[in-house]
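**Student:** The primary structure of each chain is shown beneath.
2 protein chains.
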Amino acid sequence: MTTPPVTSREWHLVRRPEGVPTPEDFALREVEVAGPGSGQILVRNLHMSVDPYMRGRMNDVKSYLPPFRIDRPMDGGAVGVVVAVGDAPEPGGLAVGDHVLHGLGWREYALVETGRAVRIDPRPVPLSAYLGVLGMPGLTAYAGLLRVAEFKAGETVFVSGAAGAVGGQVGQIARLKGAARVVGSAGSDEKVKLLLEEYGFDAAFNYRNGPVAGQLAQAAPGGIDVYFDNVGGDHLEAAISSFNPHGRAALCGMIAQYNATEPPPAPRNLALAIGKRLTLRGMLVGDHYDLQGQFAEEVGGWIAEGRLRYRETVVEGVENGVEAFLGILRGDNTGKMVVTLAA
Amino acid sequence: MTTPPVTSREWHLVRRPEGVPTPEDFALREVEVAGPGSGQILVRNLHMSVDPYMRGRMNDVKSYLPPFRIDRPMDGGAVGVVVAVGDAPEPGGLAVGDHVLHGLGWREYALVETGRAVRIDPRPVPLSAYLGVLGMPGLTAYAGLLRVAEFKAGETVFVSGAAGAVGGQVGQIARLKGAARVVGSAGSDEKVKLLLEEYGFDAAFNYRNGPVAGQLAQAAPGGIDVYFDNVGGDHLEAAISSFNPHGRAALCGMIAQYNATEPPPAPRNLALAIGKRLTLRGMLVGDHYDLQGQFAEEVGGWIAEGRLRYRETVVEGVENGVEAFLGILRGDNTGKMVVTLAA
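First to last, the sequence lines map onto chains R and D.
Residues 1 to 343 in my numbering are what the first sequence spells out, letter by letter.
Residues 1001 to 1343 in my numbering are what the second sequence spells out, letter by letter.
The hints are simulated quantities; they were obtained by calculation from the structure and are not laboratory data.
Hints should not be assumed to be uniformly reliable.
[Unchecked claim] Derived pair list, reagent style SDA-like, types lysine to any residue, alpha-carbon separation capped at 25 Å: (1) R/K276 x D/H1288; (2) D/K1193 x D/R1307; (3) D/K1276 x R/H288.
Computed from a predicted model, the values in this text were never measured in an experiment.
With the sequences and hints as input, model every part of the structure.
**Tutor:** The structure is reproduced here in structure tokens:
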């Protein structure tokens, strides 16, 4: 049985952004998606992810992920429902009606190789959680804090971008794992309130209210032991100044400079890393999928018990996908930014 | 029996240098040193060490070592001979005629607590080697390469300041431990020749001949896995660019900026540490004295077999101590800079 083609809208990158991306760098195009061939499934996407790292893929530079191609659909995490299965599916394999997590977002319908989709359970948490708290950002927080930064109970942790999908989870995992003190920075007073009142941070500050170094020193008068960096720039420099001896930083993102058209100033106090014996370590979540089982069990348990909170910022409609992405770079989101596709 | 006092010349810091130190920042003063009390020895220094890290101690800033005090003698590594022992020495303890390594250099005679002097054997190597290849710089190289940077056989190593006391040893230990390729930078063509012809480096370049990044990329076309940083600045930035994924840097010194009066530019490409999953780790040799036995045995063996070479730059006379120190900051030395005190 052959499935007829479907009409799908998908986002193409039509030119490479210079600095801050603009809507004109993208185009929403209508295409026909063929029915699935053997070993394929056709998925109707229900939620798609927009993430800061995607900014890097819009540049034509060699990196850990290939650049998006011009006039081709962008991609990224998505969850959806299987609407058709190609000929000769494997017994026990994916079936029509199954919910799946896969990597072909930025479009309404995706033709996915069965080996590149994972069946997910829609019952314990909303489907969109598989893009956030139980998905890639969640694992990033978990692996970055516990493995890359080697956090230990009794330490003081600072996380920047703390109201974001990754940062909010870093702070809460630190608290649940016995941190002496958890400090976060965010870009609005409302986000700071969220950190203090809902996420259980011990201290938090709005980085737009004054120099980061001074605010951090005040929020962590005993210094910090771990820094989880989502921002770079002045945040990293402040952390280096506040580090206690043998402090460790997980370098996860540097959103402060993703739109920079020339190299940004780096931490001018890096020489302090010698005397303090600091470790700065870059990370990509892709190295840590061996922790997926442990992560899902532990964090899933905390969510079920109500001990770990999360927020999502939901934008409706594929046609608003680019606007949602631009909003992330401005810090519009609280928690994971998700684009929910109209039914 | 009471030992009469001796007359000794010692170097005092008389004002804190601004930028590059000048001779006027120091004064050689003649003092009387009392005979040793109980639990003390009087040592006539034979060789004293001048090291780049001492520049930091001339500033009035909190660091891992206290600043030198104004109008007080400076201190640092020295080897000498015991000329008097205080009352009631321990059986088997230090005796007149013993050679010792201790921390009260920058002077002709030192009154040392017996617990702060270590007996050394003058037979296998020249005494001055205990200040260099078998001393603090040697252990720095050994621990920094093997423990801090986690060097493994088959990797490519880059070391800056490679003709210096630490750098020359880093490169040779890497070679002896099975590096795929050892690359060094130094500040003169003559030093580059030494690296290639005597120390067995696979490639070396004079950083004054052109931008470091380009010269490093040419010297290590397959990229580098380990960087041992004695220099900072453009060298660290070049290393970050040349790193292969999962590269590690031991941050040991940043001599390029020791005389800086304002914070120097830091590596503008630090964001590459994320995608490449780099680790930058500061070190102080003081954390690694547990490796002393293993280090002395392994490196002592290589020296005895002629497989590890070293150079010293010797300056004669305590009165030339400051000039020797200033020379280090200019890069005048090849290998360890030692001040030998006139008999």
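**Student:** Now tell me if each hint is right for this structure.
**Tutor:** So, going through the hints one by one against the coordinates:
1. Taking the CA atoms of R/K276 and D/H1288, the gap is about 14 Å. The hint holds against a cut of 25 Å.
2. The hinted pair formed by D/K1193 and D/R1307 meets the criterion: a straight-line CA distance of about 18 Å does not exceed 25 Å.
3. Distance restraint check for D/K1276 and R/H288: the Cα-Cα separation of roughly 14 Å lies within the 25 Å cut-off, and the hinted pair is therefore satisfied.
When held up to the earlier numbered hints, the structure conflicts with none and fits them all.
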